[in-house]
Structure formats: C-alpha cells, structure tokens
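Participant: With the sequences and hints as input, model every part of the structure.
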Amino acid sequence: MIRVLLADDHVIVRAGLRRIIEESEDIKVIVEASNGREAIDFTLEHCPDVAVIDISMPGIDGLEVVSRLHAELPDLPLLILTMHEEEQYVVRAIEAGAMGYMTKKSAPEQLVAAIRKLHSGSRFLTEEAAELLALRVSRWSKGGSLLDSLSKRELQVLRHLASGHTNREIAESYHISIKTVDTYRGRLLKKLNLRNNADLSRFAIQNNLMGP
Amino acid sequence: MAQFLNKLESPGGNLRRIVSVLALLAFLSIVTGGILYVSFLQKAAVSEADHQAVNRIRIVARHLSNSLSENERPVKTLAGMARIVRALENTDIQATEEANLILDHFQKTLSADVCYLIDVTGLTIASSNRFFRDTFVGQNFGFRPYFQKAMEGNTATYLALGSVSEKRGVYSSHPVMGSEGALVGVAVIKASVEPLENSLSSRPEETVLVADPNGVVFISSKKQWLFKTLWPLGERETDMVRDSQQFGAGPWPWIGFRKTDSAGTVELDGARFLMHEEPIRFFPGWTAFYIQDEKAIFQRVSGNLFRVTGVVVITTIVLVGLLVFLLYTRALLEINRRMMAESALRQSEERYRAIYHNTPAMLHSINSMGLLVSVSDHWVKALQYEAGQVIGRPLADFMTLSSAKYLMDTMMPEFLRTGECVDVPYQFIKRNGEVMDVLLSAIADRDDAGNFVRSLAVSVDITEQKKAREALKQAQEKLSQHSRELERQVIRRTEEISSILKYTPNLVYIKDTAGRYIMINRRYEEIFGIRNEDVRGKTQHECMPKEYADAFQEVDLRVLEEKKPIHSEYIVRHDNEDHIHLSVKFPIYDEQGAIHAIGGISTDVTELKKTQEALRHLSNRMIISQEAERQAIARELHDELGQILTVLRMDAVWLRNRLKDADAATRERASAMCELIDKTIEDVRGIAVRLRPGVLDDLGLVDALEWYTSDFERRTGITCIFEHHNVPILGNTISTAAYRIAQEALTNVVRHAATDRADVSLFFEQGEFVLVITDSGVGYDASLMEASDGLGIAGMRERAMLAGGHLEVEAGSGKGSRIIFRVRVPGANKEI
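If you're matching them up, the sequences are chains A and B in order.
Residues in the first sequence are numbered from 237 upward in steps of one, following my numbering.
Residues in the second sequence are numbered from 13 upward in steps of one, following my numbering.
Since the hints were derived computationally from the structure, they do not count as laboratory data.
From the three backbone atoms N, C-alpha and C, an ideal C-beta is built for every residue, glycine too.
You may find that some hints are simply not true.
[Claimed, not checked] Estimated spans, in silico, between C-beta atoms of each pair:
1. Ile266(A) / Glu641(B): 39 to 45 Å
2. Tyr601(B) / Lys427(A): 53 to 59 Å
3. Asn429(A) / Tyr601(B): 57 to 63 Å
Facilitator: The following block contains the structure:
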C-alpha cells in the first residue's frame, strides 16, 4: 500500500484527486493539506511514501514546500501536481527537488501511474521536462563559462542538432520556424567557435549534454 | 629685352675676342722663342761638336802617323847590325841562328808581331816566328812594296793584311847593306795594328777609322766596317787593290755612306753622320776619318740643355702661361663688371623713364622761362592732350587765369630763389575746358655751377578728393540723423522692455560674470523682498539667504562654463508656501563675443507642477490598479475557475471511463464533454496568462520573459532571442514595468518593424538594471510616432517612470529600433 499526502488549497480538487487515487487498490491518501505550512508539517508528522503538492497555495507556495521537504527528507519522492503548464515551472520544481511534475489536466489518466513510478524510485516527467532536466544538470555539473553563455533554447537546439535531427524536425518539435532554428544554429556555432554540426555533436558529447 | 642685351653683348664679345687673341699670341711667341732657343742650342752644339771633331781627328791623325812610323828607327838599327848582315852574306846555319836570336830579341823588346829577314830574291831566311805553324821562313815576299822600296835603298812602312798570317800589320822595312856596300837583303818588323786600333775610341756614337787612298777601311774602332769601302769602288780600282794583294783576296763591299748637301755630313741608312777627315803624315793618300751620329750629338746637347735650362724654360713658360691666364681672367672680370655697370645704368635709365611715364602722377619740368621741357605720359593724359603738343609751351597756358597769374607773379620768382615749393594749389584746364584742382610740389634741378636748369614737379589731382570730402560730409550728416533715429527707437524699445519687465509675472534678472546684480525686475523685488537700487553691484550672497545664493551660484557657474542656456528648477518659499520655479539662465555676449553677463528668467510653475503631479499620480494609480485587477482576475480565472474546470474534467473523464460499455451515443457525449472542458480550460488559461502571466508573479521577470519570448516566437514566427546576464532579484513594480515594456515593444515589432528578428536582453551593470529590446526592422521616426503615440511609447515611458527609471527610444528610418529601459536598483543583489 502506497501512502500518499495530498496538498492542495481547493477542497474540491483534493476530493477529485482522492477519488482518482483511490480508484486504485494499492494507493491510499493518508492525509490532506490545504496550504504550504500544513503540507510541510503533515509530511513530517505522517511520513507518507509519496507527497503530491500543488504549486499555487496561500502562504508558502508549492515550490518552497518541495524545496524545504527535499532538504529535510531527501529520500521522499515529491510530485508536483499543478495547473501550470509552462516549462519554467517544471524547471523550478525539479531544481527544488521534485521527482515528478504533472499537470492537473493529465491527472485522471496518469496520476496513479506517476505515484507508482515515484514510489518505485524513478522520476516522472514529460519528455520535454526530462530534456530540460538533463540540460540543467549538465549545466550545473560543468559550470563552464561556454555553457553558461548559452540560453535554454540554444541548449535545446544544440541537443537536437547533436542527435542528428534536421532543422525541420526541431522546428516542428518547438513550434518555431525553420529559419528560427537556423538562427539558433548560427548563434551556437559563433558562441562555441565551431564550424559545423559534427563539431556541435562532439561538443555536446564531451560536455555530457546528451542526457539520460 | 633680349635685343637690348645683345646690343650690350657685342662690344663685350669683341673685347673678349681681342683679349683671347692677345693671350694666344703671347703664348705662341713664348713657344716660338722656346723652339728657336732649343734649335740655336742644337746648332751651337753641332758646331761645338764639329770643332771638337776637327781637333780630335788632328790628334788622332798625328798619333796614328807617329804610331805607324814608330818602328822605322828600330828597323834601321836592326838592319845595321853586323850579325844580321853576316847572316844574309853567309848562308851557314850558325849565322842564321845568330840572326834569329837578334830577331827574337827585337820582337820581344818592341812587342812587335814578327821580325824577319828577306834576301835579295825576296825569300825569307830568318824570322822570329820560325817555330810557329805560320812561319815566314821560306816565304817569298818579293811582291810586297815594302820589299821593293827597301831594295831601292829606302826605309818603308807599309800597311797590309798578312798573306801568311792573315793578320793586319804595319810593316817597317829597311835595306841591309853588305860589307862590300852592296845591298844584301831587307830587315822587316811587322807590328800589329790592334793595340792601336783599341786605343782609338771608347764612345759608341763615334767611330774613328783609317782608310787607304781607295777608301778601303783598314783600321776602325767599329770592327764590322773593316775591309769595306767608304765609297763605292770602280772596277779598275778593285782590280788594283786585288793586284796589290795588300788587303787579301777581297771582296771589299761598300759600307753605304753617301755624301749629302751640307759639307762634312754623310748619310747611312737614313741616319746622318758628321764626318771629318785628316791625311796621315808619311802615308800619302791614307786618311783618318772621324764619324759622329748627329742624333747622338743632339741628344747629348738636348740632354744637357734640359738638364740645365729645361726647368728654367718650362717654369718660365708655365709662369708666363699662368700670368696670361690671370690677366685674361682679370680682363674678363673687368669687362663683365663694366658691362653690368653699363647695363645697370641703362636699366636704371629705362626704369627712370618708365617710372617717369608710367607713374600715375602728373610730372613735368619747366625751364627758367616757365616753358615746359618735359611732361610725363600721365600728365598729358590727365589733361587730355597729345604728347608733342605741349613741350615748349608755357606752363601757364594750361592753367586758369588766376592760377597762371599766381604762378608767374608769385610762385615762379619764389621758386627760382628757394629751389622748392610744396603743395601749391593750382587749377589746370583740361583740353575739354574742365578745371582740375591740383597740388603742385617741385624742386629745382641745378647744374654744377648752381644755375637753374629745370624744375622737377609733381602735381596731384585733388578734384576727386574734394568731391569725396564733400560726399563724406554729407554721409556724416546722414549718419548722425540715422543715429538720432536709432536713439529714439532705442528709447522706445527700452520703454517697452521696461514695461514688460515690470509687469511680467516672471522673475527677470541680469548679473555680471562675478555674480553681481546688474538688474532685477519688479516681480523679483516682490518675491525676495529686495530693491533693484539696493542690490545693484552686490553679489547674491550679499542680498540673499545662503541656501538660495549657493544654489543660484552653482547654476551661474555652469552657464559660464558651458556657454549655453541651462534650465533648472528652484524651490523658493514665499507667501508661506514652497514654490517651484522653472528657471532658464543664459549667457549674454558683448560685441567681442565674450560673456559679460548672465541673464535669467524664472517662472513659478508650482500650480502647473501640482497639476502634473496629480495627473501622474492618477495615471500611476490607474496603472497600478489596472495591474492589480488584472492580476486578481487572472488568478481568479486560473486558480478558481481553472481548478473547478479541472475537477469537472476529472469527473467527466471518470464518467467517460465508466461509460465505456454504454451505448455509442452516451460514450460520444461523454468524450465531447471532456474535450469541451479541455478547450475551456485552455481558453481560461489563455485569458488569464494574457491578462498577467502567473510566471511573472510566481517565478520572476527572467522566467516570465523567457516564457513570453518563446511564446512570442511561436505565435508570430519572428525569431526572438532572449538573453539575460547578472540580473538581480527585482521588486514587483520594476518587474511589472519591464515585462509590460517588453511586451509592448515586441507588439510594436510585429505591427511595424516588418522584420523576422528581435532581441530582448536583460542585464545589470553599475547599479543599474537595463532592459533592451532591439529589432532590425525598418525603423520609424521616433518623434513623430511618439507624438501620435501609435506605438504606446508614452505608456511605456509612464511605466518606466512609475518604476523610478526612464525609457530611451532610439529609432531612425531604415535602421531598426532600440528601446532601452533603465532603472537604478539600490543595493540590489545579483540573482544567483
């Protein structure tokens, strides 16, 4: 039985989530928190197997909660469950120590699977989030000035180019124009003082950018 | 000018030619003298040589004669000796042997070649060379003239080439008389000629020789000429010589001497020789010759000459040459100097003439009678006459009656006496009758005796001057009238300005550069409670509270330093209230362009400021409240409505999942419901985010702009590069302002820039947070757009000001645009 803490400031949302979770046999919501403060206190008190935390909460917000809990209980799997779809949140959540990130929209289909995954010690991230995570990790580990000079989008394009994707494929995956991809490619070559895609691939591998 | 120079040149050229010829002649005469001298010396040398040769040949001839005859006496003695006689009388061996001993003795004593005895048949019976291979004993010398002569009873001396010995010899013979007084034989002593020959000459250029009457050379200091002939031999003579057997068998070739025109000179192989001859005593027909090479004589002479006199002669020639050259140079210099002097004189004359005629002054000369003797071209022209019409006429003819009278009665006698006059006013009459006013100055030109020759006079036309003076006078009058008018205008204008100054609600003042008041207006007096009369000449520190004076002075100094008008604001307290005065101070320049005063006009803008402030406050409040409202609505939509929709979706999905087994229509309805809820959630999210993105409040400006630029790129297709560096944690006001400015600016890019590229950058430097939005588009006229504010620049500016910063807009047609938002963030930390 997986014991879960559910933190959300909306009662009806908690109720909805609880219904979804308890559809399953092996997961149980043991405690609910309606704000950040409670989320921290109840977690420390009840020691759940997985904590599911919303970002927008009055007082201490979900990211802060994750950050503090991660500091106190590094082994506790924390899942962010939020309305926000912007990748900026994803990055922050993972930086704060979350093991998973999920929008409430996808909860009915995926929440149970996500909790199970986290409980088994894996991460739960969308593909894009996983990629972002990889980029961030490599950036921290290296701390290289060259990498620092690259923007997030540039890192993304670099990864794709290094993986052998065409400009068109990259443009489609980020919903940007081919010309824009080419602009990023030009900036990458200039910033890294490289000449072609092969050089970019070598650079990406050497700097551990290709990710997990 | 060239022709003029040529004229000067030709006499100079002649002189030069003459000098050159003289120098040449001098040189030639010296050379001729030298040559004559040398040839004279040569002649003298030849004649000296001649003379010497005559002497020498005489001595030689005498010496030869003596030498050749020296054995005559010994042979006589020999012939008289008893044993010799006996040997010839008796043919026994002993007698012969005894004679032989005597012969040996003679031969040794005389150093003779051979001594021998010949019997009457000519047969040699005894000889000193009897033991030699070429012994004479047994030889018959009967054919020899010396034998034949001796047989006639005479002593003889004979020169011949030995027929046995092949040696030349001098044969001296004497008859030997028997005891009965009969001739029994001949005694002969043969001496060699070689010792004699060797003593003849030691010098190579002279030759001494002895020849027989036919010219056959028998003795010679030059061996190669022996047995050759001086002159060609005829056939008869050759036969004679051969027959005599005197000089062997021959032949006797001709040496080659030829006689020449001059006596005593012969020629051989083209060379000339002096030849002297002297007969040898006792040898009739035999002659001694003395031959000298003429060239050798000359060489000897000239060698001596040059050794002795050459240096003197050459030195003399060189010295004379130098002297000639020196004199020639001096002469040329002198010629040049004269030519230059002449040319200078001529030029000076020309110049004088040119000056006289070309000077734009009226020059003339008169004689003591008052008649014109010369006039300058200008004089003639000025009075409109022709040259040649005036010379010889009285000067008075060209004057008005009064001037003429004045000249003749007063000035002329005076001038003749003093010799000068200065600026005497006359009136000339031109040919066309016009009168010309002149001032005449003159000096007298006198000859050496002091007699007046002519005057040198210059007349200055002062007609124009007179007119000009008149015109000047009129102009001055006009000017003074004009200045009176100006003065009146100035007074009126001053009155106007004074009134303006007096009644204007503005403060007006003028200070000098040291800050002393020159003038203040009435309003100024009222506000500060001072009076114009009291403050004039005093500094602001003397009339004002210190805080005002300090503030005023600071701006005054800036005006002086920057030399341009400066706007400033002061807070002045009057009427129990702080008033804001907007002041413009400006430099006042003097006529040299230097600042001599500072003017100032201050306007009380307190009311205006208050209104502006109220407006801005209102505007800010509006912005803030609008922002707050947007935030509230966005949050409401996103959090409340969004959450409810989310829960609704959960239930709808649950329903749909439960209805898997229901009929198709129900299933479809459930699915459609889910989709509708999904879309509604998207819409609500979209509205909320566009009102105000949660990222900005939750994650801050950097994340918000990162999201916005990505979203912008996706929506518009314009590449938007976002960069940030060193950005600190920012307050809500600044973040909101920056976000909205970036949003507005990028919206402008989409609408106006017509480009596919925009850049947003955020950074922090020197305590200042900076946001820059650039595009590479077509740009726009910023001032125009700002005026109509189609770009919302006023809005951006207001937001910037609200955040405590300011906005810079750089845009030019065709250059793209750049919008910069700067705000100072005190004590901001760098964002980690």
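Participant: Between Ile266(A) and Glu641(B), is the Cβ distance one that fits in 39 to 45 Å?
Facilitator: At 40 Å between Cβs, range holds.
Participant: Using the beta carbons of Tyr601(B) and Lys427(A), state whether their distance is inside 53 to 59 Å or not.
Facilitator: Holds, since Tyr601(B) and Lys427(A) (Cβ atoms, about 56 Å apart) stay within the stated range.
Participant: Does the beta carbon distance between Asn429(A) and Tyr601(B) stay inside 57 to 63 Å, or does it fall outside?
Facilitator: holds, 59 Å
Checked against the numbered hints above, the structure violates none of them.
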